[in-house]
Amino acid sequence: MKKILDRIFKWFCNPDYYDDIRGDLEELYKEKQQNSAKFHANLYYLKEILLLLRMSLARPTLFQALVNQQVLLHSNFKTAFRYMWENKAFSFIKLSGLSLGIAATLVLSIYIQQQLSFDDFYPNKDRIYRVKANYLKEGFAGVHFPAPLAPTLVKDFPEIEQAGRLIFASWLKQFRPITQTQNFYESKAAMVDPELLDILDLIIIEGGDVAKSLKEPRTVLISHTKARKFFSGTSPMGKLLVINNDTENPYQVVGVFKDFPPNSHIQLDFMVTMSGVEFWPGEKTYWGANMYSVYALLREGVSSESVNKKLGSIIENYFLQSFKEREFANPEEIANNIELGLQPLQEIYLGSSEIRDKLKHGDQSLLWLFGISAILIVMIAIINFINLSIARYSIRLKELSMRKILGATRGQLIQQFLIESLLYSFLAVLLGLTIAYLALPYFGELIGQSLIFPISILWGIPIFFLAILVLGISTGTYPAIFLSNLTPRSQNLTARKGNNVQLFQRSLVIFQFIISATLIICTIAVLKQTQFILDKDIGFDKDQIVVLKGTNSLGAKLHAFQEEIEKLAGVKEVSVSDYLPVEGSQRYMDSFWEKGKEGVEAGVNAQIWQVDQNYLNTLGINIIQGRNFAKNLNSDSTAIIISSALAEKLNSTDVLGGLITNKEKSWRVIGVIDDIHFESLKNNVTPLCLVLGESPSMMAIKTHSSNPEKLIETIEGKWAQFVPSDQFRYEFMDKSFEMMHKDVAKSGQLFNIFSILAIIIACLGLFGLSAFKANQRERELGIRKVLGANMSTIIYLLSKDYIFLILIANLIAVPLGWYIVSNILGSFAYRVEIGWQTFALAACLTVGIAIGTISYQSVKAALKNPIDAIKEV
Amino acid sequence: MKKYQLGEFEEIVLLTVGVLYDEAYGVAIKKEIENQLSRSVSVGALQSALRRMETKGYLNSRTGEVTSDRGGRPKRYFQITAQGKEALISKREIRLTLWNQIPKIALEI
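In the order they appear, the protein sequences are chains A and B.
The letter at position 167 of the first sequence is residue 167 when you use our numbering, and the numbering goes up by one with no holes.
The letter at position 41 of the second sequence is residue 1041 when you use our numbering, and the numbering goes up by one with no holes.
Chain A extracted, bound-state conformation (with noise of 0.2 angstroms):
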């Protein structure tokens, strides 16, 4: 503490006084010591020195270099403008260096911030929850109840103010204002019940108290771009809406809310009402049945944990009792591994890995990758910018010098390097604000978001400046202290300038090269998922498929179309069914028991399918044991087609011939297939059975048609003859199981462009460096070369410290990107092996990459006249 003091008062004070006053209290100080204690004797010292720093004792320099300041700064931005100007090919390695990974690091930051914006607009945003049951046994949680839930949680927990149920309904397709025949088809609608708008207040543009007006049955809310769709121009209010082609029982539009935002996990263009609904009677004090998300609005102040802890009485009184009232065979068992809790809304888009709601969610791991991404590659360029700014220290030699000669002091050379690296990283900072401006909109169509720069916020100005100050304290600083140390002497001696500075620019190429192999190691390693994932065997064939929508207004004509469209040339097989293997189709989840069996076993969970007989070879789906469905066979109404997961779930050695039962209905086995992987390749594969039964509203074509355009508008002309009232749509499976793994084609692709960017930014360092180096050597090159070197000697001279640096610098990134790279394919069930390949490929790459870098400067100094390096003096 004492010496620090000290420092102060030496540097602050006036020389000629400097030596009586230290005496003075120095003889005080130890006075005071020798009565009170250190702490108090310090104290007391502190205040001395405090007392002491008054203009009349101070350095009569302190104060006019600050008047000299300003002329200074000017010269300072003067040279470094300079500098820049006369050195354009470096000046521009080093900006672009800097821009880009700002670029980047800011156009990930942009796209954290969004994901991390989820939910964050409702104005109850902290009070709303939604329910879910988490599976303690299986691990995974559930978000869909029974309908009585909802007023239950109401009626029994006074800490809830609301509850209300949300089901999104995609059997709502075909939906027209009464007026018109045309039908629109629509993918976002939902039902809802009335008390769900009180929730989420929403903004309403017409309507007023759009929850009363819910409570009426058949009524319908509408996005208020659907209204202008629907009823361009004319208000929405009152009008009828006829869905799925129901005359009978239209809806009537009683409210039109705003678009919900980009950012929110709930995306519906129509909300029906559920009062007066009930999909079969009795269903509103069922218990029985999971089917819909309840959402709950707790009152102000009463905190999730609190009533998280009361929900098992949920459990104990309305569960367990269905349970029993079912005869399960131990309602107690299944009722405790069920664990009722509320889930904060902002946490439902990116914290629901461990849930099954068909929901967009965002990945939390892969915001951290792309984070820490962000800060290596802000990294890399930053040590570029460093190792840059060193390797020109010999250039600025003479500068120094005579500057030193002049007087400068060391701070004033510290302050002139600073200013430099200031001005860098302004210029630096303006353009990667605008590439990151340019390039935001192609980013956001590559991961499927649109992502908004944030330009109009305000504190965009100060973390800009504050940037600006960061980067170039950070980047200037250490060029500022070594060359600023530098005394005019050594520096006359020119380059041979010590081991340290060596070390560090190699370290810190090794740290830039560890972070791009690492990069490119998790980029092989995710092409290669996304490949294996595309070509893994998937139990059916997907070429060659063609799937219409929306057959079901064929209505009693589908068979009469069906048979029309198998006569046409280039289709092998026709099926028709709402369950295919690709996203976008139903699906239905129930229990499954070898008969007999019930009661006894915990039941199999597996999706059940209604197909017709031609869907097996339609998908080309191969039979292991037994036969497929038979035409023209009464007996086969009753006859089950299983896949050979759920054969082996249900531990029968001979399931064959055997008959299953969901505890309703049996059937009779008759064929096992090939599992089918109908969901993302992240999960195992789901057990499923077919049945014979009448799904009118797909229908898949198989063709083998060398011209399958000239095919779609022969189907198309035939579907005009049938339906002229509905748009003809239909999609190709093998693009929609492309659809379905689209995410782990985007990880892919967005690695890519990271580790591209990283190594573009490694290697402009690598250029600049090797280019310097050839530059300092090129007097020693000429003489070797008078002396008999040839060309492959001086490259080999010349690269052979980098090689051995990405060497390193790889054996070290091999480790990493394992770690990393069992990481991400962690989450994937069927995974693709990672040998050493990849990592050889990725070492290979790199050191490919630096050669081809470094090649071009050694062959430059390797190809130059040793005269022109050796003559001048």
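Simulated from the structure, these hints should not be mistaken for laboratory data.
Mixed in with the good hints there might be a few duds.
What the hints assert, rightly or not - Each computed DSS-like pair below joins lysine-lysine, with the alpha-carbon atoms no more than 25 angstroms apart:
1. B:1031 x A:32
2. A:557 x A:710
3. A:2 x B:1031
Start from chain A and add chain B according to the hints.
Same frame as chain A, now just chain B:
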């Protein structure tokens, strides 16, 4: 009157330097003032007053001996110059003149 500029604190310091005569260095002056006037004096205030009066020419200084309890630093002894003496005298005279002009009745409070 304007000829001799001497602030109140400066005057005290100058007088004390006179009192101590040959022993007037920083710490001694500080202690003397603190004892006689029972007020605390900071090194900063004292030193800045001393240096100011030195530049004004009221004080002279010489470097003294080096002692170990000063961390090897010399003492600086101050001495009143002729100009300093005159400044003190003129100050005292101004006071006296004013004193003498006060009617007796004004002080009978």
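Right, here's what the structure says about each hint:
1. Distance restraint check for residue 1031 of chain B and residue 32 of chain A: the Cα-Cα separation of roughly 13 angstroms lies within the 25 angstroms cut-off, and the hinted pair is therefore satisfied.
2. For a cut-off of 25 angstroms, the pair hint linking residue 557 of chain A to residue 710 of chain A stands: about 24 angstroms separates their Cα positions.
3. Between residue 2 of chain A and residue 1031 of chain B the CA atoms are separated by roughly 23 angstroms; this keeps the pair inside 25 angstroms, and the hint holds.
The structure is consistent with each of the numbered hints, conforming to all of them.
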